[in-house]
Every structure is written in C-alpha cells, then in structure tokens.
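This is what each chain is made of:
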Amino acid sequence: AQKVTQAQTEISVVEKEDVTLDCVYETRDTTYYLFWYKQPPSGELVFLIRRNSFDEQNEISGRYSWNFQKSTSSFNFTITASQVVDSAVYFCALSDPLSDSWGKFQFGAGTQVVVTP
Amino acid sequence: NAGVTQTPKFQVLKTGQSMTLQCAQDMNHEYMSWYRQDPGMGLRLIHYSVGAGITDQGEVPNGYNVSRSTTEDFPLRLLSAAPSQTSVYFCASSSTGIRYTFGSGTRLTVV
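Protein chains in written order, with the numbering used here: chain A, 16 to 132; chain B, 6 to 116.
Warning: the hint list may mix true and false statements.
As the list claims (entries may be wrong) - Below, computed lysine-lysine pairings styled on BS3-like, alpha-carbon distance capped at 27 angstroms: (1) A:85 <-> A:18; (2) A:53 <-> A:85; (3) A:53 <-> B:19; (4) A:18 <-> A:53; (5) A:53 <-> B:14; (6) A:85 <-> A:119.
In short, the hints are calculated from the structure, not lab data.
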C-alpha cells in the first residue's frame, strides 16, 4: 500500500526565512511519481512539480527547490527567502504509473505554511 | 481560458437531499477526476473518467454517481446526502494524465 507522511502540521516563519517541508513516502512499486501541490487561501490546488522515481536529480525553480532521496524515501521541498504570498497549505503526493493517469494520487495530510511580514 | 470551473462554490443540504456538483473544463482534456478533501486527510479520489462515456470508481465512491456525456462536463451526483459527505470537493482535469488542473472547489455542508 502507498502512504505519504507529512509530519509537520504547521510551520510559521518570518518573511525572508527559509522553510523546508518534509515528505516521507512508502510504496512497493519500483516506478512511481512524486508531486508537490500548493493550496493558497483561495482554495484551488496549484501543481508545483512532478518527479519520477528514476530521476533523483534535485531541482531548483526560482525560490523553490526539491530534494529527492530514494535511500530515505523522502521528497523534501524548500522555499528560500519566503514571502507572504507563500502562505498556503502544501501537499506531497504519490502515484504509480497505472493509476497516475487516472488522477489517483495518495496525498499527504498537508503542511500549513504561515509567513508573516 | 477559464480552466476548470466548479459550481456552486458553497452549498448546504439537508440529510437525504440529492444534488449535483457541476464541473466543466474548456481545455479539451480527456482525463477528469473528482476528489474530496477532509481535514487532516489530504485529497481522496471519488470517481474518475478517461474520456467521454468512460468512468470508473476511485477510492471513496460510495454515495456518489458520475457520468461523462461530453468531454467538457463531469458532474458529480450525491444521491442521498449524509453528514459524512460534508467536505470540500475538487474537480480536476488533465490532457496527459500527468499534470492535473484543479478547480477552486465546492464547500458542501450536510446538516
């Protein structure tokens, strides 16, 4: 069975601080996909990244970076120099190649990030 | 380009009532899905569709029906609302089955 654990319920930071969100996953599949989604106060989910299990290269996109470590089954997400607009709930999710096309993700419970000025 | 549009945004139902949550997308996406979001549980898949006329059950389908008569629309029907169906409902669509675009959600309360 697949499982995604986001142990941090809420993280509060002051603007310009870095914040790292932890994501630990469990799966028996050798091929799988990992995602991060952002849910701002407006409610919609915004896609941030998709990573397949064969690609362990870390990725940086602007102030966002992702650290995928297969050895520890982790896919952590760091926001550098946080801004108030980063305040949102962030979800980590997992899928396998078959159910991936169905939209069947295993979501974590989410981490609320609060950035204060 | 409207993306994925969900209506209504808010709804209060009495136990036993039925209703339809609407979802429409204008991106000609083949894949569409419905999820519910409950506190502390992330999103769970209710039903999904891989094209017009093709639907299947997800993780938590009981109490819900769907149909997909057109590519654009994917309505979710609650047959007889129960308090356990109080949740936020999201519809999503994708052209590739890889990157999904989500609607802004419908907040449903069943009393």
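*Quickly compare the C-alpha distance for residue 53 of chain A and residue 85 of chain A to 27 angstroms and report which way the hint goes.*
Given pair residue 53 of chain A, residue 85 of chain A holds - Cα atoms ~23 angstroms apart, limit 27 angstroms.
*Starting from residue 18 of chain A, check that the Cα of residue 53 of chain A is at most 27 angstroms away, please.*
Holds, at about 19 angstroms.
*Agreement of residue 85 of chain A and residue 18 of chain A with the hint, judged by alpha carbon distance not exceeding 27 angstroms*: holds (15 angstroms)
*asked:* Need the status of pair residue 53 of chain A, residue 14 of chain B: alpha-carbon distance at most 27 angstroms?
replied: Between residue 53 of chain A and residue 14 of chain B the Cα gap is close to 19 angstroms, so the pair holds against 27 angstroms.
*Is it true that the CA of residue 53 of chain A sits at most 27 angstroms from the CA of residue 19 of chain B?*
Given that 27 angstroms is the threshold and the Cα spacing comes to 32 angstroms, the pair is violated.
*Would you mind confirming whether the straight-line C-alpha gap from residue 85 of chain A to residue 119 of chain A stays at or under 27 angstroms?*
holds (21 angstroms)
Checked against the numbered hints above, the structure breaks only hint 3 and satisfies the rest.
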